[in-house]
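Sequence positions in the sequence shown follow full-length UniProt numbering and run 1 to 419.
Among these hints, one or two may not hold up.
Result set (BS3-like, lysine-lysine): computed pairs, CA atoms no more than 27 Å apart in a straight line [stated by the list, open to error]:
1) K5 with K357
2) K5 with K214
3) K214 with K357
4) K95 with K108
5) K95 with K111
Hints in this document: simulated from the structure, not taken from any laboratory.
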Amino acid sequence: MFVHKNRLRHLLRPPHYRDAEHFRTEVRQLFVPSWQFATTASELSRDGDFQTLTLLDTPILIRNFGGDIRAFINVCPHRHSMLTCAASGNSPVLKCQYHGWQFGVDGKTRKIPEPNAFRPWDRENSMLTPVRLQRCGDLLFVTLSDSVPELSDWMSPMFEEVESHFTTPLHRMGEVWEFDAACNWKVPVENTLESYHVAEVHPDWLGGVLPEEKFTQHHLDPRYTTLHYFADNKADRKMADVCRQLGGKSTPGYRHWHMHPNLVFVVTETFNYFVSCQPTGPTTCRLRSRMYPLWGTARTPWRKLVRFVAWRIGRRMMRGVFEQDRTVFGAQQRGIEASSHRGVIGIREERIHTFQKYVCEHTNIAPEVEPFDGPESDAAKSDAAKSEVQKSIAESSQTTPIENDDAPNDTLVVDDSSD
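Produce the complete structure using the sequences and hints provided.
Shown next as structure tokens:
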């Protein structure tokens with residue numbers, strides 16, 4: 001069931017999805033004091049494996065040092081070159097691509113050409129800058145802040161639940177999707193928080209119908225929101241049977257968890273996946289996803305075949321869903337650029353309202369106090385005046401509810417005053 005019974009205020013306005021100054025505030029107050037997805041242990045399984053990424057305009061290098069995975073700012077302390085420009089690879093030593101300085105697991109300099117030229121040695125200014133890295137199951141997270149709590153505390157109370165579903169060998173990392181999107185990072189986050197678009201955007205992959213409220217459970221918390229869809233239908237029972245055949249632990253239905261600001265975890269019977277919507281600019285972002293099919297304990301040829309087929313079906317479906325969502329993101333951002341409306345949130349989209357409230361509270365937005373700009377202000381005044389007129393008519397005629405000509409034909413507006 002949904003938590004709310006009436007529509008909700010759209011707390012963020014179009015400028016909050018495009019304004020450069022607001023974006024800088026979000027980076028400073030939402031993302032720097034948080035844990036952000038970096039990569040997976042599965043992708044750094046061998047000694048010497050490394051990956052690089054840019055997080056909040058900061059270049060980061062993550063490397064496996066004999067089983068000890070560490071993260072550093074991807075900058076050599078010598079003369080500030082990036083250690084490597086490669087996205088990933090494997091190397092026997094961590095060495096700067098410019099002058100060949102070599103570094104150890106602790107970030108200290110191990111070997112340099114012509115060391116006599118650098119006497120006396122400035123140890124303090126010759127080390128790599130470490131980046132805090134911690135893991136939840138197979139997922140590796142980093143933070144640019146020294147004051148952020150431990151990952152297990154920061155993700156509480158969801159940490160253990162996420163860890164259990166993204167831990168090898170029961171689930172194995174089987175697919176990597178990453179792509180850039182021409183939209184503000186909040187656009188894909190809000191898209192994943194509502195099922196209202198399913199019938200229009202995903203008619204083939206997700207059945208083309210809205211999930212019934214009686215099968216939908218929302219939980220709203222200031223730090224996170226969750227959805228559990230648990231219809232007991234033929235498809236769900238079949239997936240549960242596949243899960244049992246593979247030796248997995250059945251988790252009926254579809255579970256969707258959003259950890260503010262931008263981490264999404266999805267758990268199903270036969271596969272799990274994770275998405276991070278990482279901002280790259282006021283109107284651009286990068287979506288990074290990892291899919292974990294149920295590997296189970298299958299040993300017989302038949303069970304291995306079942307596992308393979310289930311994985312292929314899940315992968316094909318999720319690719320299709322991602323591509324369909326991707327086409328919507330750019331169109332919504334273009335609309336945001338031209339819009340002066342406040343926006344409207346229905347009860348099926350209530351997780352978006354909780355997310356927007358989180359953004360407002362952490363970026364010093366006072367949505368109930370700040371005036372709307374331009375045409376939006378006039379529209380708000382018009383709505384208020386119309387509400388007063390309707391109220392007067394209702395009191396004089398003693399007829400309720402009053403039909404709102406602006407509402408859909410099958411809708412009666414009983415109470416249009418609550419926000």
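Give me the numbers of the hints this structure contradicts, sorted from smallest to largest. Hint check: nothing fails, all pass.
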